[in-house]
Each structure stands twice: as C-alpha cells, then as structure tokens.
Amino acid sequence: MKGNYDKAFENVVRLRVMSILMVNEEYDFNSFKEILEVTDGNLASHLKNLEKQEYIEVNKSFVGRKPLTTYSATSTGKKAFQDHLEFLENLIKANKA
Amino acid sequence: MKKPEQELAEIKSMMERSTRFLSLSGLSGVLAGIYAIIGAGIAWYWIYFPLSEWGDAANELSDSELIWRILFLGLVIMGLALITGWNMSKQKSAKASQKFWTSASKRFWQALFIPVLLGGLFCFALVHEHTFQLIPAAMLCFYGLGLVSASHFTLGEIKKLGFSQLGFGVLAAFFPQFGLLFWAGGFGILHVIYGSMMYYKYDR
Numbered sequence: 001m002k003g004n005y006d007k008a009f010e011n012v013v014r015l016r017v018m019s020i021l022m023v024n025e026e027y028d029f030n031s032f033k034e035i036l037e038v039t040d041g042n043l044a045s046h047l048k049n050l051e052k053q054e055y056i057e058v059n060k061s062f063v064g065r066k067p068l069t070t071y072s073a074t075s076t077g078k079k080a081f082q083d084h085l086e087f088l089e090n091l092i093k094a095n096k097a
Numbered sequence: 001m002k003k004p005e006q007e008l009a010e011i012k013s014m015m016e017r018s019t020r021f022l023s024l025s026g027l028s029g030v031l032a033g034i035y036a037i038i039g040a041g042i043a044w045y046w047i048y049f050p051l052s053e054w055g056d057a058a059n060e061l062s063d064s065e066l067i068w069r070i071l072f073l074g075l076v077i078m079g080l081a082l083i084t085g086w087n088m089s090k091q092k093s094a095k096a097s098q099k100f101w102t103s104a105s106k107r108f109w110q111a112l113f114i115p116v117l118l119g120g121l122f123c124f125a126l127v128h129e130h131t132f133q134l135i136p137a138a139m140l141c142f143y144g145l146g147l148v149s150a151s152h153f154t155l156g157e158i159k160k161l162g163f164s165q166l167g168f169g170v171l172a173a174f175f176p177q178f179g180l181l182f183w184a185g186g187f188g189i190l191h192v193i194y195g196s197m198m199y200y201k202y203d204r
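Which chain is which? The protein sequence lines are A and B, in order.
Residue numbering for the first sequence is 1 to 97, as defined by this note's numbering.
Residue numbering for the second sequence is 1 to 204, as defined by this note's numbering.
Chain A with its partners taken away, still in its complex shape:
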C-alpha cells in the first residue's frame, strides 16, 4: 500500500501538533497549550519527541523580557505527514473496495 503509517503520529497530541504546523508557518508554545488543552509537561514531552525526529524546529526568541518559543515544521516533518495522510486515505479507499 502507498504511503506510510508513521508511529510518530500515533499519539493524538503529536498528530494535532503536526496538523497545526502544516497550515501555520509557526506556532508558539502557549497557543499550542490553549488549543490542545494539555499540560505543560505533556506538551513539552511530545514536542521534544517530534524535535528529536527532526520533524519540527524550535525557535527561541524574546518579546521584551519574556521568552517566546515558537515551532515550525521541517521539510522532513512535512514529508512524513504527507506520507501519513496518504496512508490513511489509501486505507479508507481499501476499506471501501
């Protein structure tokens, strides 16, 4: 079957994070926390996991004195997500046939 089921997206938080980064150039930690309604620790560990696989990139900067951490999808991450999507679509088609 075409496409690839990616274990990295098995977890729903990671799947959602990646979905958001596919359509937003960058997204910051607090906005993730709000939209996903997860705890700091939980979110951080999933972000770390995606970062380790080089699916996302971290960008740290300062707004005034406050640190701002934003994330963006890497080309590897985008490719992996596309493959994952393709797999899901093909699976649906196969189930229908």
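Warning: the hint list may mix true and false statements.
Far from chain B, by Cβ distances over 12 angstroms, these chain A residues were calculated [stated by the list, open to error]:
1) A44
2) K52
3) E54
4) F62
5) N90
6) K93
With a Cα cut of at most 30 angstroms, we get these calculated DSS-like pairs of lysine-lysine [as the list claims (entries may be wrong)]:
7) A:K48 / B:K106
8) A:K33 / B:K99
9) A:K48 / B:K159
10) B:K12 / A:K2
On the chain B side, residues computed to face chain A include the following (Cβ under 10 angstroms) [said to hold, decoys possible]:
11) K3
12) M15
13) R17
Simulated from the structure, these hints should not be mistaken for laboratory data.
Beta carbons: idealized from backbone N, C-alpha and C, even for Gly.
With chain A fixed as given, assemble chain B onto it according to the hints.
Structure of chain B alone, referenced to chain A:
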C-alpha cells in the same frame, strides 16, 4: 489505532481551528446593517430633506458644519457596529468554549483592519480635498478589500460579502450622485442579508 476516517477528521478540524476565526457572529452582522440603515436615513434627512430627491449633494455638503456632523455620525455607527460584533463574537466563542483571542482571530482582525484603516485615511483626504461625492465609493471599496483579505481566516460567506461590497463600491464610484443609496445598500442591506445567512447556517 483509531479509525482512519476519525483521524482525518481530527486533522481537518485542527487545521481549521488553528487558522480560522470561526466565532464571527451572524446576528451582529444583521445589527450592524440596521445601524447603517438608520445612520444613512439620518444623513439623508440632513443632506436632502426637504428636497427629497437624489442628485448632486456637493452644494449642501460644502457647508462644513454639516460634513463634520456626518463624519461624526459615521464614526458613531462604526463604533457601535464594532462593539456589537466584538462582544457577540466573544459570546459565541465562550458558548462553544473556544478561545476568542487566538492567533487565527488576530490574523482575521489584522487582515480586515489594514485596508479599513487605510480607507479611513483616504476618506479624510477626500474630505480635505472636498471630493465628498467619492467618499461612499471609497468606503465600500476599502471595506470590501478588507473583507476579501480577512476571508482567508474565517467563514466562507465573508468572501462573498466582500466581493458584493466591492461591486457596490465600483457602482458608487460611477454613479456618485447615488452614493448615499449605495452606501446604505452595502453597509446596511448586504450586512443584513449575509448576517442572517450566517446566523441560520452557523449560529442556531
């Protein structure tokens, strides 16, 4: 593993929620339209009454006291419409237990307000140059552009509303003697029509 259909739906909903401002209240659009119609009625009364005919308003408008009164009226209507839209959208997002001030809503308001603020400055320049007859056209065109640019970040109806406003704006530019009528049509009637469409489709 979840069902693939569920997983795809999950992805789609996250993409939409993170990029689009979906809490725009339809009812507030209807109210904004009603304010505009009332405002246009008052302006018509000031400018044309008791002549009760359309046509060249430039003579009456050269009276500078009147033009400032009309500008003030316009600002009051805009203020009321904004406060209504802001509060009712806030209520709508609270009802759906979603955040009101997200990066998506920021982008929406920003995309809307850059053309609208520029349009406001442009209209002040028109007042300054005494080119009053083009003010309704300029307001409609800049507002339409704002809506079209903001429509990427919100409900689909806003794009159609934007193009309709642009259509009215261009007509108002070619027939400036009916400027007030087009203004009432664009800011009044179109808001009522699209606002009620959005209300029936999303808010009920």
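Right, here's what the structure says about each hint:
Non-interface status of A:A44 relative to chain B is upheld: no Cβ of that chain comes within 12 angstroms, the nearest being about 19 angstroms off. A:K52, annotated as away from the interface, keeps every beta carbon of chain B farther than 12 angstroms; the closest lies near 22 angstroms. The beta carbon of A:E54 sits about 21 angstroms from the closest Cβ of chain B, which is more than 12 angstroms, so the claim that it is off the interface holds. Distance check for A:F62 against chain B: the nearest CB is about 18 angstroms away, which clears 12 angstroms, and the non-interface claim stands.
For A:N90, the requirement that its beta carbon stay farther than 12 angstroms from each beta carbon of chain B is not met, with the minimum near 9 angstroms. A beta-carbon of chain B comes within 12 angstroms of the beta-carbon of A:K93; the shortest separation is about 10 angstroms. Between A:K48 and B:K106 the alpha-carbon distance is near 27 angstroms, which keeps this suggested pair within the 30 angstroms criterion. Restraint check: the Cα-Cα separation between A:K33 and B:K99 comes to about 11 angstroms, which is no more than 30 angstroms; the hinted pair holds.
Taking the CA atoms of A:K48 and B:K159, the gap is about 39 angstroms. The hint is violated against a cut of 30 angstroms. For the proposed pair B:K12 and A:K2, the alpha carbon gap of about 21 angstroms is at most 30 angstroms, so the pair holds. Hint status for B:K3: holds, given a least beta-carbon distance of 9 angstroms to chain A, under 10 angstroms. Because the smallest distance between the Cβ of B:M15 and any Cβ of chain A comes to about 5 angstroms, under 10 angstroms, the interface hint for this residue holds.
Annotation: interface hint on B:R17 holds; nearest CB of chain A at approximately 6 angstroms, less than 10 angstroms.
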